[in-house]
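Take a look at the letters that make up each chain.
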Amino acid sequence: MKPKVCVLRSAGTNCDKETAAAFLLAGAEVESLHINNLVNGRRKLDQFHILALSGGFSYGDDVASGKLFANELKFKLNEELKKFINDGKLVIGICNGFQILVKSGFLPNSAELKQSTSLILNDSAKFEDRWAYLKPTGKSVWTRGIKEIIYLPVAHGEGKFVIADKEVLDKLKKNKQIVFKYCDPKGRSSNYPDNPNGSIENIAGISDTTGRILGMMPHPERHVFSAQHPRNWDRKGKKYGDGLQIFKNGVDFIKKNFKGEKI
Amino acid sequence: MQYKIEVVDKPGIFDACGAGVTRDISDLGIKGVKKVRFIQVYTLSGNLAEGQVINICEELLSDKVAQDYRILSNQEPDSSKGNHIIEIAYNPGVMDPVEASVLKGIQDLGIKDVESVKTAKKYIISGKLSPAQLKTISDKLLYNKLIQHIVNPRDENGDTKHLPGYVFNLINVDLLGASDDGLLEISSRGQLFLNLNEMRQIKDYFRKIKRNPTDCELETIAQTWSEHCYHKTFRGNIDYKEQKADPELGDKRIKNLLKSTIMKVTRELDKSWCVSVFKDNSGVIKFDAKNNICFKVETHNHPSALEPFGGANTGIGGVIRDSMGTGLGAKPILNSDIFCFAPPDFPFNKVATGSLHPKRVMKGVVRGVADYGNKMGIPTVNGAILFHEHFAGNPLVYCGTAGIIPKDKSFKKTNPGDLVVVVGGATGRDGIHGATFSSGELTHESETVSSGAVQIGNPIEEKKVLDTILQARDLNLYSAITDCGAGGLSSAVGEMGAEIGAKVYLDRVPLKYAGLSYMEIWISESQERMVLSVPPKNIDKLTAIFENENVRSTVIGEFTGTKRLELYYRDNLVCDLDMHFMHEGIPQITKKAVYIQAKHREPKIPAKKDLTADLLKLLGHFDICSKEWVVRQYDHEVQGGSIIKPFVGIKNDGPSDASVTKPLHDSDKGIILSNGINFRFGFIDPYWMAASCIDEALRQIISVGGSLKEVAILDNFCWGNPDKADRLGSLVRAAYGCYDAAKAYSVPFISGKDSFYNEFSLHGRSTPIPGTLLISAISVMEDINKSVSMYAKESGDLIYVVGKTRDELGGSHYYDLYKMIGNRLPRVYYSEALKTFAALNAAAEKGLVKAMHDCSDGGLGVALAEVAFSGGLGLSLFLGEVPYISTSRRNDNLLFSESNSRFVVEVDKKYQKEFEKILKNTSFGLAGCLTAKTDFKIYGLDGKICLNTDIAKLKEAWQRPLRW
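If you're matching them up, the sequences are chains A and B in order.
Counting from 1, position 182 in the first sequence corresponds to residue 181 in numbering that gives the first Met the number 0; the numbering is continuous, with no gaps.
Counting from 1, position 515 in the second sequence corresponds to residue 514 in numbering that gives the first Met the number 0; the numbering is continuous, with no gaps.
To be clear, the hints were calculated from the coordinates, so they are not data collected in a lab.
Because the structure is a prediction, the values reported are computed rather than measured.
This list has only true hints and no planted wrong ones.
Cut-off 27 Å, straight-line C-alpha distance, at most; resulting in silico cross-link-like pairs (DSS-like, lysine-lysine):
id	chain 1	residue 1	chain 2	residue 2
1	B	Lys668	A	Lys238
2	A	Lys113	B	Lys111
3	B	Lys650	A	Lys235
4	B	Lys9	A	Lys73
5	B	Lys103	A	Lys82
6	B	Lys103	A	Lys125
7	B	Lys511	B	Lys120
Hey, can you work out the whole structure from these sequences and the hints?
Now the structure itself:
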């Protein structure tokens, strides 16, 4: 059985194709779907196992990054998405997708559905594209088996992770929801540019309380082959890049937990 | 009812936007600003209850975690005492890109009664400032009066919803009764930029059909015949004379310069992999069994001079549409951007009235390009930025896009009976007269006279169009497509219907707001529009695709078969022209061109023992220094295909040569993109400048492991006023340089572009830009796993210098340090170069090359430094081992000459023999090695140390100038 992935896009989504390619490589079946098809009921989310919100500038990031897309999830697809999550399925939000999940409240706690964290303008006040070292620090279906530092590109203007109050942070820590932290090449806590945006506590990605919803600013889909690594000159290493494991984890989880189930 | 809403960061949240403005103010030399606070303002009009407004603020306009909001009733005075408040809003009629999104967001909340949304930006500046300083801050930093204004709270009425409607009134222009003076008066009053010959020709045409033209007809002809659309200079006759030139071209009468040089090479080389050249919106070459690649580079200079963000933004937006409008539509896969500005440290008091300071221009242009390219999801993989004072009034903004297109979708054909369908953005008053405006010189008045030529882009609109067009293309729903670029519908429909004729109902074109005349609709250059020709049977299917993703599509007419261009506005015929006259009626002109070989003073720089200081200065030259501040703002990884990135090295901060991109997820075939540009050589001889540009673009391809097997190039000439004989003379020489070099290297041109009249006149004196040629090269690479990067990899490895250095310092950056130009500029020695290129490619293919970097700006010295500091390794090198043809035998000449076709190559010791065997027919020297210690040591021709420093110092010198 091949898990079915829905890469949901809107006007301005632009990493949908490579995200689809990464899931395909990980062994999934992928469909790229415009959100209008869900909003107008022509298609249903329950036809899929994994919902992927990819990078880009949904609706131009007008008002704030991910905000309009987040409101569509919150006000138009709320019930459908809640059911999807309660069914034990998976959601991943990368870059703009992370912004969407945070602003719609599906992260950090999809049961509460309240926005308690945000991703705002980088401290440098501009879009930046650079590679970042990430230290795995939490627990999530999506990050199983990732023990070492991984290396992925970031490319965003609004990626600074902030919280409503300290209580939110305490909970994130307690539940091991902080899954990735920016670090230096040796895994030590660091400042700009290792932390490219000024995120508090170097937070680069979080999961929800169930561990089945992941949001992260760095782009795992841009490092699924080692040829994409900026210093792969000797080509002696492995064939696949650090990001692939995340997609594989999603696919493996579905294969294991939805064995034989027909959609 | 109107509600004004202000959104501001919560206390404790770092106001990055305000901090950025604070920095920029201090850059202006204004001290005393303590803090700038940024506030986003929304003004909602409509029949709204207070509860609804609160809901909108809570759920849409503010971020609960990071922002606070407040709702101001109609005319509440501002209470921020003791601070300076500047609020900036868009002018009426200028598209506010955020408006549509906010309206959608409000509707998503279930609130229907909002009529309009306006946005504004408010800056609260604390600190002691004089009114003059405040004016400087707002004029130079915060707004551009062409598109924005400072809000005066007492009289804000920017609502385009209430613009007066348009009352139809057909305007005829009395051409038949006009004298020659009258004709010229008509041309200048209408901003037609047509000369007397052309006006007479038009008059003759209308005399024969016994009536006067309508304003629309005259305008259509002016657009079609503009330099921008017709390329009169390149396609006309030229009377060329030269003096003391080497090589001699000889005095000659050139009939069509384009066909005599650029297109001639392509025809003569006749490459089987050239699919479509000089016909479509971009040139097309073969990629693999199923796909082709298209490539085009455009310029958007004049608009960027006036409004850098908008100009560059729509420049890149336009060239992306060239890809989308190639064949039946290509998917854009990469962008490339090259700019020329005046130096960022240009004195403020030298900035001419009507011009912007180069630093502001640069920041705006970079932001404009980044905004559009990033939002379209197209990686910007390659580029260059160069500086010269003469770009102060006329910056150059080159934007390029390559796309991938299925083989069977690479051609188009409009058929009679097809519907004319316009897709994408609505039409407004933005960008009126862009095509004709760019066919004249800029003056200090341009900013007021031509302000309508400035456009604002909306990348998300274009992204939606792209997403849907590719779906429609794959279902074969349309027969032809082109983009609305310069000239708007007039040139898009005019081109598509050139052979068969078209009928358009202008009142059916969707408008942004009321009040546009039929003519404005016809020539508006509003962005993000494509025109399709659609067989009537497919129209419903096609419309459904667009509707499903909220893209506007409208049938506005049909292609007819009458070979006439017929335009209607509410049943009134407003234009009825013979297509043949429109496209072929332009009178053949003969322009005079003179080239007199310039003679500059021969520099006499005393020989020095230690060249460390010179190398450090060169690394800090604005042309050479790191452009990382710029490049990081571009997404170069999106689409996941970036292999050789713009920055490489142990810290990802060394300057790459060409880029390598893998466009398909399931294939290791790649595309190499590179550029050659060096206007400094043109100060001495544009012929050799052109040859050097081609050499530079090609050697960059070799540097990343590519070959010359399948390389196509584009020409892009930015010149001064071609009606002046000296400007045209240098253009002719450059064009012949292009021909000779492309022929020798066997690389065909597949497309090109020219931008003339890049002159700025002030008080009757006209300053042209340096004649600047950009050569962009694209190549197909069989296996991206063979690609090579430029940074030093391992200590102990050997460093070779390949290719001969000559005392060719004319136009070099070394001479520029001493404010000299010189005369002996680099030439290209084709047979030598071809051998070098082939051998290095063979070595790279065999995996013998660990790093390779070409020598260009700053010569061997700069190339060696870049290789070393990018790799974090030291380097020792003996100049005595470098192939050097010279009578001077000077260390500085050898280190800083910018001779063509040279490389620095890193080779593992174990491959020494094998590498040297492959290179046996070339000039190369095993000149040095890499060291773990970070010393950078060069031993002179006499064997003594002539340059001694540390790579950290070199890197710092290179990174410091543009670390903003």
